[in-house]
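Position chains B and C against the provided structure of chain A, taking the given hints into account.
Chains A, B and C, in that order, give the protein sequences. For the first sequence, position 59 (counting from the first letter as 1) is numbered 59 according to my numbering, and the numbering increases by one without interruption. For the second sequence, position 179 (counting from the first letter as 1) is numbered 179 according to my numbering, and the numbering increases by one without interruption. For the third sequence, position 79 (counting from the first letter as 1) is numbered 79 according to my numbering, and the numbering increases by one without interruption.
Certain hints may be false.
List of simulated lysine-lysine pairs, DSSO-like, C-alpha gap at most 30 Å [as the list claims (entries may be wrong)]:
no. : chain 1 : residue 1 : chain 2 : residue 2
1   : A       : K120      : A       : K64
2   : B       : K113      : C       : K120
3   : A       : K64       : C       : K431
4   : C       : K18       : C       : K120
5   : C       : K349      : A       : K64
6   : A       : K64       : C       : K544
7   : C       : K28       : C       : K18
8   : C       : K544      : C       : K14
9   : A       : K219      : A       : K184
10  : C       : K349      : C       : K18
11  : C       : K349      : C       : K431
12  : A       : K125      : A       : K217
Source of the hints: derived by calculation from the structure; they are not laboratory data. Predicted model only: the values in this text are computed from it and were never measured.
The chain contents come next:
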Amino acid sequence: MSHISPVLWEFLVHWLEHFAIFPPEASTIAPYADALYFALVGMTITGLVLVMSMVLFFSLRYRKERHPEAVQIEGSTLLEATWTLIPLGIFLVFFVWGALLYFRVYNPPPNSMNVYVVGKQWMWKVEHPGGQHEIDALHIPEGVPIQLTLISQDVFHSFSIPAFRVKREAIPGRYTSVYFEATKPGKYHLFCTQYCGTDHSAMIGWVYVMTPADYSKWKAGNTSGASLAQNGERLFAVMGCNACHTGTSQARGPNLYGLYNTRIRMNDGSTMIANDAYLREKILNPSLHVPAGYVPIMPTFQGQISEDALIDLVEYIKSLSSNYRLQQMMNKSDLDSAQPAPIGPANQGAGAAPLQIVPTPGVSKP
Amino acid sequence: MDSTSIATTPHELESSGLPHAHDHPAFMRHHFEDIGQQREAASFGMWVFLLTEIMFFGGLFCAYLILRNWYHPAFVAGSNTLNIALGTTNTAVLIGSSFTMAMAVYSAEMRRKGQLILFLTLTILLGFVFIGIKGVEWTTEYQEQHVPGINFSIQEFVHPTNPKAIPLAPDMAEKTQLYFFLYFAMTGMHALHMIIGISLLFFMVWRASRGAYTAGHVIPVENFGLYWHFVDIVWIFLFPLLYLISRYR
Amino acid sequence: MSTIVSLPDQSTAKLPSKSYLNQEYGLKSWLLTGDHKRIAMLYLFSITFFFIIGGVLAGLIRLELLTPPADLMATDTYNKVFSMHGIIMVFLFLVPSVPATIGNFLIPLMVGARDLAFPKINLLSWYLYWIGGIFILSAMVLGGVDTGWTFTTPLSTHYVNTHVVTAAMGIFMAGFSSIFTGLNFIVTIHRMRCPGMTWFRLPLFVWGHYATSIIMILGTPVLAITLVLVALERIFNIGVFDPTKGGDPLLFQHLFWFYSHPAVYIMILPGMAVISEVISTFSRKRVFGYTAVAFSSVAIAVFGFLVWEHHMFIMGVSQYSALVFSLMTMLVAVPSAIKIFNWSMTLYKGSITFETPMLYAFGFIGLFTIGGLTGIFLATLGMDIHLTETYFVVAHFHFVMVGGMLMAYMAGIHFWWPKMTGRMYPEAMSKTAAVITFIGFIVTFFPQFILGYLGMPRRYAAYPADFQVLNVFSTAGASILGIGYLLPLLYLPWSLIYGQIAGNNPWQATGLEWQIQSPPLTENFTEIPIMDHEAYDYEWLANKTHHEVQTVG
Numbered sequence: 001m002s003h004i005s006p007v008l009w010e011f012l013v014h015w016l017e018h019f020a021i022f023p024p025e026a027s028t029i030a031p032y033a034d035a036l037y038f039a040l041v042g043m044t045i046t047g048l049v050l051v052m053s054m055v056l057f058f059s060l061r062y063r064k065e066r067h068p069e070a071v072q073i074e075g076s077t078l079l080e081a082t083w084t085l086i087p088l089g090i091f092l093v094f095f096v097w098g099a100l101l102y103f104r105v106y107n108p109p110p111n112s113m114n115v116y117v118v119g120k121q122w123m124w125k126v127e128h129p130g131g132q133h134e135i136d137a138l139h140i141p142e143g144v145p146i147q148l149t150l151i152s153q154d155v156f157h158s159f160s161i162p163a164f165r166v167k168r169e170a171i172p173g174r175y176t177s178v179y180f181e182a183t184k185p186g187k188y189h190l191f192c193t194q195y196c197g198t199d200h201s202a203m204i205g206w207v208y209v210m211t212p213a214d215y216s217k218w219k220a221g222n223t224s225g226a227s228l229a230q231n232g233e234r235l236f237a238v239m240g241c242n243a244c245h246t247g248t249s250q251a252r253g254p255n256l257y258g259l260y261n262t263r264i265r266m267n268d269g270s271t272m273i274a275n276d277a278y279l280r281e282k283i284l285n286p287s288l289h290v291p292a293g294y295v296p297i298m299p300t301f302q303g304q305i306s307e308d309a310l311i312d313l314v315e316y317i318k319s320l321s322s323n324y325r326l327q328q329m330m331n332k333s334d335l336d337s338a339q340p341a342p343i344g345p346a347n348q349g350a351g352a353a354p355l356q357i358v359p360t361p362g363v364s365k366p
Numbered sequence: 001m002d003s004t005s006i007a008t009t010p011h012e013l014e015s016s017g018l019p020h021a022h023d024h025p026a027f028m029r030h031h032f033e034d035i036g037q038q039r040e041a042a043s044f045g046m047w048v049f050l051l052t053e054i055m056f057f058g059g060l061f062c063a064y065l066i067l068r069n070w071y072h073p074a075f076v077a078g079s080n081t082l083n084i085a086l087g088t089t090n091t092a093v094l095i096g097s098s099f100t101m102a103m104a105v106y107s108a109e110m111r112r113k114g115q116l117i118l119f120l121t122l123t124i125l126l127g128f129v130f131i132g133i134k135g136v137e138w139t140t141e142y143q144e145q146h147v148p149g150i151n152f153s154i155q156e157f158v159h160p161t162n163p164k165a166i167p168l169a170p171d172m173a174e175k176t177q178l179y180f181f182l183y184f185a186m187t188g189m190h191a192l193h194m195i196i197g198i199s200l201l202f203f204m205v206w207r208a209s210r211g212a213y214t215a216g217h218v219i220p221v222e223n224f225g226l227y228w229h230f231v232d233i234v235w236i237f238l239f240p241l242l243y244l245i246s247r248y249r
Numbered sequence: 001m002s003t004i005v006s007l008p009d010q011s012t013a014k015l016p017s018k019s020y021l022n023q024e025y026g027l028k029s030w031l032l033t034g035d036h037k038r039i040a041m042l043y044l045f046s047i048t049f050f051f052i053i054g055g056v057l058a059g060l061i062r063l064e065l066l067t068p069p070a071d072l073m074a075t076d077t078y079n080k081v082f083s084m085h086g087i088i089m090v091f092l093f094l095v096p097s098v099p100a101t102i103g104n105f106l107i108p109l110m111v112g113a114r115d116l117a118f119p120k121i122n123l124l125s126w127y128l129y130w131i132g133g134i135f136i137l138s139a140m141v142l143g144g145v146d147t148g149w150t151f152t153t154p155l156s157t158h159y160v161n162t163h164v165v166t167a168a169m170g171i172f173m174a175g176f177s178s179i180f181t182g183l184n185f186i187v188t189i190h191r192m193r194c195p196g197m198t199w200f201r202l203p204l205f206v207w208g209h210y211a212t213s214i215i216m217i218l219g220t221p222v223l224a225i226t227l228v229l230v231a232l233e234r235i236f237n238i239g240v241f242d243p244t245k246g247g248d249p250l251l252f253q254h255l256f257w258f259y260s261h262p263a264v265y266i267m268i269l270p271g272m273a274v275i276s277e278v279i280s281t282f283s284r285k286r287v288f289g290y291t292a293v294a295f296s297s298v299a300i301a302v303f304g305f306l307v308w309e310h311h312m313f314i315m316g317v318s319q320y321s322a323l324v325f326s327l328m329t330m331l332v333a334v335p336s337a338i339k340i341f342n343w344s345m346t347l348y349k350g351s352i353t354f355e356t357p358m359l360y361a362f363g364f365i366g367l368f369t370i371g372g373l374t375g376i377f378l379a380t381l382g383m384d385i386h387l388t389e390t391y392f393v394v395a396h397f398h399f400v401m402v403g404g405m406l407m408a409y410m411a412g413i414h415f416w417w418p419k420m421t422g423r424m425y426p427e428a429m430s431k432t433a434a435v436i437t438f439i440g441f442i443v444t445f446f447p448q449f450i451l452g453y454l455g456m457p458r459r460y461a462a463y464p465a466d467f468q469v470l471n472v473f474s475t476a477g478a479s480i481l482g483i484g485y486l487l488p489l490l491y492l493p494w495s496l497i498y499g500q501i502a503g504n505n506p507w508q509a510t511g512l513e514w515q516i517q518s519p520p521l522t523e524n525f526t527e528i529p530i531m532d533h534e535a536y537d538y539e540w541l542a543n544k545t546h547h548e549v550q551t552v553g
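One chain only, chain A, in its complex shape:
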């Protein structure tokens, strides 16, 4: 081998070292996705072999030299029915299989740990509830179900972690979510897969899956000192929200304590659940849905507040719910250490109209 040019040799070695043909399996979803994938590959190979063997066999057996006179055949209803129904049956199996996986990935279990991701041209900004901020990186513990809540500051982005087999678009103007549970510590690719302009291909980063011990260490070493909810509380004061949402009976705005995830009656008689999307919408388009008993006097904050700040505010309002606190503690979230003092409960039933909360059986996290 001595006559191989060293440069070429270097090149080949480099290549072989970097030659990947299958992505690592690093989440609880991945084995299911891979099983589905191999079943689909199996179907494709079967179909291809079937068609190709028909074509090849007939081409050899009935080529002009061996079969000079063609036999005219009209068709066969039985055969048509066969190759209509069998593929249809197979496709329907994959439909059901795929749908089950889809619902699993996009419906996070209620006990999952929530991490916010904001996409903007051309970076990912990750916000942990404990106040850790990351750019183009995501640190998560293994073995913990994680929910990402995504939103975009500008155009469509898409948050993709191939090793986990999950992906979700970050869309301007609405929250989306995705769920996964990492199984193997390591460093995995993170991509933006929806074309988002000039530096689309630079909008990449790494996902670090850590053992719970390492993760705790990382968490402690990276906190900015204030949790999202604490940031939100500060913003709540800075933006003057507390001028109206005082939580007292004379307040012009509804009391926000215990609001999160309750069902509220609106002016027009309909009801809505006060989830993340609702809270965000109320800050940007306050008069779109007005709770019963209120007039739309709240100014809009559209264009004055970034998605990050909105997340802080939403987290703050969430933290005003005792239920939510409990939930977050059970979720191994770090909110417990960073709980702001809640504003005192409103004097329900007197003074300004309280929010009409409709009891809803079985509404937990949306």
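Frame of chain A, contents of chains B and C only:
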């Protein structure tokens, strides 16, 4: 098989190439078998084209319905600034022009040249009246600063001058821009179709004056009639959607 | 190897003294022609021109991706290159490819008419195509568009500063060109069939184009109005598609894919139509299950309108609507499977020969089977999450569009070349080209499936080094593929002068178009034929008496 024996040999043809037996009217195109086929093809083609047009406006209607559903108060407020008298007049004008157009088709079928030209001209006039009234409305909207992208002010919706109007919060008032954008896009597209129609009408008056349609060749007039009625019908949908529904009582 | 080709004696044969090619001379006689055959030729030159531009852009993309960093060009340039590649290939090549050239040439011949119903509108559609083409070219020359061919809002409306409006207007024009072609086909097929030509005697080529035309007239206007809205939104800074102004970016996605998904059937159905003709002719057999193949085309056209949301599965649409659209996508895959099986069964007990069009058709069947079945991966909701927006999608649609449609287009061009020009293409050379194309294609696009499962995202100018090996394969394959497409560009013009005289029916095919001289007369038939047999009736062809020849001719 000797393949040369299969087909026609062109040498049998007269040198002109086209078999040109002159036993058909002059307006018949040579690639049709007979005049019936030409008539059927032309009218079928027009219907297929109108199908395309429906899908074209369909996209706008779809956007309108979704956004109206979201921002109902803004759409109501926007709708109430329109001048319903002018809109109604315009509807009447258009229906009238459809009538004159139908009469023009009838005149062509009856081979009455003078009457045909009269009705086509009347249709042009009514078309211009429509565009004119629309122009007046657009000018008013410009003066009221209701043209999104050029001059738009939400003042009227936050502090309405109309006592019946419900004042909108500023964020909802902003959404009236969407209403006015769709209003201009829809009426603009419609007016564009009217202008194309009027241009075609001028051409047809010129052709009619030379007797082109009163010698049995009614197809162009008929097809244009279909187009004109279609444009009319689009307005019949636009008028209630943009002007009428949810007026203040 | 035996062959079905039967050419007239070359020492005495000559081209017909009169044909559509020499009816009149001069540029004006071409630019103002109403003859569907001449317009088809104009289209053939035009789309070849745009195919070359799109192909060069594809070559640049592959060259850039040879190495992981963005070193051949800046990322902005790369973004413009792939956007222009997509726009040109989709709107100026694939959509008009078979319908506007081969379809334009053949539909009147196949239904036994002298021309399409509206020759002037046909010519108008060619001019609109060029106006659209010039808009798109000027967008490219003036600095390009970098939104991708999908014009995703709000990126295209508020976040890029390139020639979006120019390109959108170009697509608008090209769209109307396609609407007029579809309109002409529908009216011609409905109203211009010759006596005896019932719906079920039509060649499957015509059925395929009928289905295509339905999509053209119903889908394209929705794209047109959507692009108008994008342009207005850009110019006047409105927010119908912008959430910060109250609009909905998903509304754009719905409207765009309402056309652009059916548009892939505009691109593939005519290809399938070609394959039916080619397979039948070279196996000397009626297409197996004629009605099933005919109705499967229509079924694809109808169901094709009900699946658009499968482009949006991960965009936060309602999960239940995703279920419905996934199910519909599974259903639309079935008619394609039916076609594949019917073509394969057509070979059974045939008398098969392997001329160039047949080789391309075999290529089509193999590659389209892969392309179609990998579509099932993407229709399967859970799998789509991982695969969408990666090179898997790129590979999938290139298998369908290039492996399927381009193969079919090449099959069709070779198959009808003798009819269009009166001369044969060089057989050995063209077979070589077909094999090179096939190999080049597999090497180019197969690695992209693996890349896709690895997670390599689409539209990346730079990518992590792990993906390089497969990308090098892909680029190497692209250069082979390039040769495969270059060869016909050389030998087809050559054959115009040096090719053997083809005679009327070199393939001994049954279609009406093969019973007249090659190249045909301007008026196609001296006398309108009377159809008294089914399509693909090889016994009729064999037993044809002189009398019947006269009726047909």
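Right, here's what the structure says about each hint:
Proximity of K120/A to K64/A is assessed by CA-CA distance (about 63 Å); at most 30 Å being required, the pair is judged violated. Distance hint between K113/B and K120/C is fulfilled; the C-alpha atoms sit about 27 Å from each other, no more than 30 Å. Distance check on the hinted pair: K64/A and K431/C sit about 18 Å apart at the alpha-carbon level, within 30 Å; holds. Simply put, K18/C and K120/C have alpha-carbon atoms about 23 Å apart, close enough for the 30 Å limit, and the pair holds.
Between the alpha carbons of K349/C and K64/A the distance comes to roughly 10 Å, so the proposed pair stays at or under 30 Å and holds. Simply put, K64/A and K544/C have alpha-carbon atoms about 22 Å apart, close enough for the 30 Å limit, and the pair holds. With a C-alpha separation of about 19 Å, the suggested pair K28/C and K18/C falls inside the 30 Å cut-off, and the hint holds. For the suggested pair K544/C and K14/C, the alpha carbons sit about 24 Å apart, so the restraint of at most 30 Å is met.
Only pairs whose Cα atoms come within 30 Å are accepted, and K219/A paired with K184/A is accepted, the gap being roughly 19 Å. Between K349/C and K18/C, the direct Cα distance comes to roughly 40 Å. Violation of the 30 Å bound is thereby established for this hinted pair. For the suggested pair K349/C and K431/C, the alpha carbons sit about 24 Å apart, so the restraint of at most 30 Å is met. For the suggested pair K125/A and K217/A, the alpha carbons sit about 21 Å apart, so the restraint of at most 30 Å is met.
When each numbered hint is compared with the structure, violations occur for hints 1, 10.
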